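Enquirer: Taken in order, these protein sequences are the chains called D and G. Heads up, the first sequence is in the numbering used here, so the first residue is 550 and it goes up one at a time. Heads up, the second sequence is in the numbering used here, so the first residue is 5 and it goes up one at a time.
Hints are computed from structural coordinates only; laboratory data are not their basis. Computed from a prediction, not measured in an experiment: that's the story for all the values here. There's no promise every hint is true.
Claimed, not checked - Taking lysine-lysine and the DSS-like style, the derived pairs with C-alpha atoms no more than 27 Å apart in a straight line are:
#1 K550(D) to K22(G)
#2 K550(D) to K7(G)
#3 K17(G) to K617(D)
#4 K59(G) to K661(D)
#5 K59(G) to K651(D)
#6 K59(G) to K617(D)
#7 K59(G) to K75(G)
#8 K550(D) to K61(G)
#9 K591(D) to K17(G)
#10 K57(G) to K617(D)
#11 K74(G) to K591(D)
#12 K651(D) to K57(G)
#13 K550(D) to K59(G)
#14 K61(G) to K651(D)
#15 K61(G) to K7(G)
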Amino acid sequence: KQEVTQIPAALSVPEGENLVLNCSFTDSAIYNLQWFRQDPGKGLTSLLLIQSSQREQTSGRLNASLDKSSGRSTLYIAASQPGDSATYLCAVSPILTGGGNKLTFGTGTQLKVEL
Amino acid sequence: DVKVTQSSRYLVKRTGEKVFLECVQDMDHENMFWYRQDPGLGLRLIYFSYDVKMKEKGDIPEGYSVSREKKERFSLILESASTNQTSMYLCASNFLAEETGELFFGEGSRLTVL
Numbered sequence: 550k551q552e553v554t555q556i557p558a559a560l561s562v563p564e565g566e567n568l569v570l571n572c573s574f575t576d577s578a579i580y581n582l583q584w585f586r587q588d589p590g591k592g593l594t595s596l597l598l599i600q601s602s603q604r605e606q607t608s609g610r611l612n613a614s615l616d617k618s619s620g621r622s623t624l625y626i627a628a629s630q631p632g633d634s635a636t637y638l639c640a641v642s643p644i645l646t647g648g649g650n651k652l653t654f655g656t657g658t659q660l661k662v663e664l
Numbered sequence: 005d006v007k008v009t010q011s012s013r014y015l016v017k018r019t020g021e022k023v024f025l026e027c028v029q030d031m032d033h034e035n036m037f038w039y040r041q042d043p044g045l046g047l048r049l050i051y052f053s054y055d056v057k058m059k060e061k062g063d064i065p066e067g068y069s070v071s072r073e074k075k076e077r078f079s080l081i082l083e084s085a086s087t088n089q090t091s092m093y094l095c096a097s098n099f100l101a102e103e104t105g106e107l108f109f110g111e112g113s114r115l116t117v118l
């Protein structure tokens with residue numbers, strides 16, 4: 550059974566700092582990995598999707614990498630801002646076996662960027 | 005923009021009541037999902053559907069049922085609500101093929117059962 554772990558569970562950094570969030574998974578047989586952001590009391594917003602054939606994806610100040618063989622992904626946030634404060638979750642998609650695409654989620658890293 | 009709309013943001017119900025949570029997506033996605041999210045437990049899959057009238061149990065289906073009569077709409081039903089079903093419920097959708105598997109979520113429905 551796939552297990553997804555995110556460390557640290559919480560992180561507090563000063564504004565302007567570059568930071569890395571980690572995601573590890575136990576079964577490397579995945580099709581893709583997705584990073585999400587969740588603001589308090591809200592749904593999840595998709596940030597980046599890395600397909601199994603890709604090594605990384607970039608969007609603005611965000612860069613996500615994927616190393617399937619080691620079961621790891623990192624989300625790099627450059628020049629952090631207070632507006633980046635949220636919980637960040639990663640999720641892995643299993644090899645498709647006909648119908649459905651059940652993701653396994655990590656429990657998230659709660660990020661606080663302070664002025 | 006992709007839109008997944010959950011009909012109710014906040015609901016308060018009494019134990020034993022029947023509860024309907026509605027979700028509509030506008031991107032012609034084949035897959036639709038219902039999750040619940042609880043502190044310390046993360047997101048857990050209740051049910052999902054990959055086609056009209058098709059449904060499959062997720063990790064925690066007990067106490068829930070679902071209905072998918074139209075492609076764009078997926079409903080979660082609590083036949084007899086209980087206090088342990090107090091939670092945040094999240095609907096999501098995506099395309100069936102893994103190459104376009106980006107998952108989109110609604111804003112969530114916060115259910116309190118008294």
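Enquirer: Please go over all the hints and tell whether each is borne out by the structure.
Expert: Now the hints, each set against the structure:
1. For the hint pairing K550(D) with K22(G), the CA-to-CA distance comes to about 33 Å; that exceeds 27 Å, so the pair is violated.
2. Distance hint between K550(D) and K7(G) is unfulfilled; the C-alpha atoms sit about 31 Å from each other, more than 27 Å.
3. A hinted pair counts as satisfied when its Cα atoms are at most 27 Å apart, and K17(G) with K617(D) does not qualify at roughly 44 Å.
4. Pair hint K59(G) plus K661(D) does not hold up; C-alpha atoms about 39 Å apart against a cutoff of 27 Å.
5. As the CA atoms of K59(G) and K651(D) are separated by approximately 13 Å, the hinted pair is consistent with the 27 Å bound.
6. At most 27 Å may separate the alpha-carbon atoms for a hinted pair to count; K59(G) and K617(D) exceed this at roughly 30 Å.
7. With a C-alpha separation of about 12 Å, the suggested pairing of K59(G) with K75(G) holds against the 27 Å cut-off.
8. Distance hint between K550(D) and K61(G) is fulfilled; the C-alpha atoms sit about 16 Å from each other, no more than 27 Å.
9. Of the pairs offered as hints, the one joining K591(D) and K17(G) holds, with about 20 Å between alpha carbons and a cut-off of 27 Å not exceeded.
10. With a CA separation close to 35 Å, the supplied pair K57(G) and K617(D) exceeds the 27 Å bound.
11. Under the criterion of a C-alpha separation no larger than 27 Å, the hint pairing K74(G) with K591(D) is consistent with the structure, at around 26 Å.
12. For the given pair, K651(D) sits about 18 Å from K57(G) by alpha-carbon distance, which is consistent with the 27 Å threshold.
13. At most 27 Å may separate the alpha-carbon atoms for a hinted pair to count; K550(D) and K59(G) meet this at roughly 21 Å.
14. Of the supplied pair hints, the one linking K61(G) and K651(D) holds, its CA atoms being roughly 11 Å apart against a limit of 27 Å.
15. With a C-alpha separation of about 24 Å, the suggested pairing of K61(G) with K7(G) holds against the 27 Å cut-off.
Violated hints, in rising order: 1, 2, 3, 4, 6 and 10; the structure is consistent with all others.
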